[in-house]
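S.K.: Sequences listed follow chains L and P, in order.
Residue 155 in my numbering sits at position 155 of the first sequence, with consecutive numbering throughout.
Residue 95 in my numbering sits at position 95 of the second sequence, with consecutive numbering throughout.
Take these hints with a grain of salt, some might be off.
Copies of one chain are not kept apart here, so a pair can be met inside one copy or by any two copies together.
[Stated by the list, open to error] 25 angstroms max Cα-Cα, derived SDA-like pairs, lysine to any residue:
1. LYS137 <-> GLU202
2. LYS157 <-> GLU202
3. LYS157 <-> THR196
4. LYS137 <-> THR106
5. LYS157 <-> ALA78
6. LYS157 <-> PRO125
7. LYS137 <-> ALA172
8. LYS157 <-> GLY126
9. LYS157 <-> VAL27
10. LYS157 <-> GLY20
11. LYS157 <-> ALA46
12. LYS157 <-> ASP35
13. LYS157 <-> GLY209
14. LYS157 <-> LEU44
15. LYS137 <-> VAL190
16. LYS157 <-> GLU90
17. LYS157 <-> ASN135
18. LYS157 <-> VAL185
19. LYS157 <-> THR184
20. LYS137 <-> ALA159
21. LYS157 <-> TRP26
22. LYS157 <-> ALA16
23. LYS137 <-> VAL200
24. LYS157 <-> GLY56
Since the hints were made in silico from the structure, they are not lab data.
The structure displayed is predicted, hence computed values, not measured ones.
Protein chains: 2
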Amino acid sequence: MDRLHRFPEQGVADRAALDGLLDSQWVGVLACVVDGCPLAVPMLYARDGDRLLLHGSTGAGALREVAAGAPAVLTVIALDALVVAPTTFESSVNYRSATVRGPLETLDDEARAVALDTFSEVLVPGRTAEVRPSNRKELAATLALSLPIRPGGWLLKVAADWPATPAEADAAEDVWSGLVPVRTVLDPPVPAPWATGLPVPESVRRLTGPDDA
Amino acid sequence: MDRLHRFPEQGVADRAALDGLLDSQWVGVLACVVDGCPLAVPMLYARDGDRLLLHGSTGAGALREVAAGAPAVLTVIALDALVVAPTTFESSVNYRSATVRGPLETLDDEARAVALDTFSEVLVPGRTAEVRPSNRKELAATLALSLPIRPGGWLLKVAADWPATPAEADAAEDVWSGLVPVRTVLDPPVPAPWATGLPVPESVRRLTGPDDA
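Assemble the whole structure, with the sequences as input and the hints as a guide.
M.R.: Structure (structure tokens):
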């Protein structure tokens, strides 16, 4: 808990902290504008160096919008704790959030094949070596987009704070306050009904292994 | 795992399922449009029957935009499992996501006082009885918004599926596939440094107690 310090939520200009958040999550919300209204779609993403890879069906409406160059922003959130303060007014959550702004780039055939393998490797490292390569039909059915992480193109916000003190909150001294940490855990893998007789592969074991605890 | 069935992600017109998702999470992404570009902000929310309560500082830019009647959409996601298929193409995640569309209503003074207590009660049931009421200054500094959950105003998407079978994926029979369940857990409460001598209150104990396991 020694990273905690008393300050309100704030922007953090630390690229490593941004990467840390992005790499700790799987899903974000991609928002774009269609006919003047906000359109928001949950998206899997994978960070590959200075870009975020997104993919989906070539039939997906929102993806086609952003692929066509519409301004877009991907938001990723990690909730770290409920902040139970000595007053309701001061109660809050500790969280990290990142917004990464477009424009997105549509990847062409060659770049797409590489990107989809990278995508898989980021999510489940080692998996691509355990399965057959994607075939032409699969690649043709997939839209792959790249969202560059550019200086000035992202915003990281971090709230990592103890609750307000009783004095700060104008509250009684004997009201408990503190944090309730929130954590995302991966449970042991569950084989598909037709795979119960097969050993759990190395890639999946590493995901939930002691290294990730 | 008996709720799993083989179908692609799809819209679910089940209000109870929507409420179940909304009540299981704390944070969403509020998206609106500013100067033709999407603006996305992570937001705490609390469901109160047929509305979602949002709140923030009266100084928050995005909130003022949506308070002024800009179209807005709140997106909430729960990631339930990594879906490790016999091919990278079929690999995916199981998740539930909800989008709830505005317009938002700004709550006036009287409604705001009630809404902020409700907000606190939804997040940490029982907490308002353990702390002093919000005072006039606190209420004046808070913007409270209500996002109605209207028929036709929300969309729930659920992907809850086993991976594609080897036959469906055109893959070898001996490639393991299955799910890696993802879960959000609340860890035991951590008292603030000045509250270590105080008993953990009932409201906080209930949050992390056996009833929530």
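S.K.: Now tell me if each hint is right for this structure.
M.R.: Hints, one by one, checked against the model:
no. : hint              : result
1   : LYS137 <-> GLU202 : neither (28 angstroms within a copy, 57 angstroms between copies)
2   : LYS157 <-> GLU202 : neither (35 angstroms within a copy, 31 angstroms between copies)
3   : LYS157 <-> THR196 : neither (43 angstroms within a copy, 29 angstroms between copies)
4   : LYS137 <-> THR106 : within (18 angstroms within a copy, 50 angstroms between copies)
5   : LYS157 <-> ALA78  : both (11 angstroms within a copy, 21 angstroms between copies)
6   : LYS157 <-> PRO125 : neither (28 angstroms within a copy, 27 angstroms between copies)
7   : LYS137 <-> ALA172 : between (66 angstroms within a copy, 17 angstroms between copies)
8   : LYS157 <-> GLY126 : neither (32 angstroms within a copy, 30 angstroms between copies)
9   : LYS157 <-> VAL27  : both (17 angstroms within a copy, 14 angstroms between copies)
10  : LYS157 <-> GLY20  : within (13 angstroms within a copy, 28 angstroms between copies)
11  : LYS157 <-> ALA46  : both (20 angstroms within a copy, 21 angstroms between copies)
12  : LYS157 <-> ASP35  : between (29 angstroms within a copy, 22 angstroms between copies)
13  : LYS157 <-> GLY209 : neither (30 angstroms within a copy, 30 angstroms between copies)
14  : LYS157 <-> LEU44  : both (21 angstroms within a copy, 14 angstroms between copies)
15  : LYS137 <-> VAL190 : neither (29 angstroms within a copy, 53 angstroms between copies)
16  : LYS157 <-> GLU90  : within (18 angstroms within a copy, 34 angstroms between copies)
17  : LYS157 <-> ASN135 : neither (40 angstroms within a copy, 28 angstroms between copies)
18  : LYS157 <-> VAL185 : both (23 angstroms within a copy, 22 angstroms between copies)
19  : LYS157 <-> THR184 : both (19 angstroms within a copy, 21 angstroms between copies)
20  : LYS137 <-> ALA159 : between (45 angstroms within a copy, 23 angstroms between copies)
21  : LYS157 <-> TRP26  : both (18 angstroms within a copy, 17 angstroms between copies)
22  : LYS157 <-> ALA16  : within (13 angstroms within a copy, 33 angstroms between copies)
23  : LYS137 <-> VAL200 : neither (28 angstroms within a copy, 58 angstroms between copies)
24  : LYS157 <-> GLY56  : between (28 angstroms within a copy, 15 angstroms between copies)
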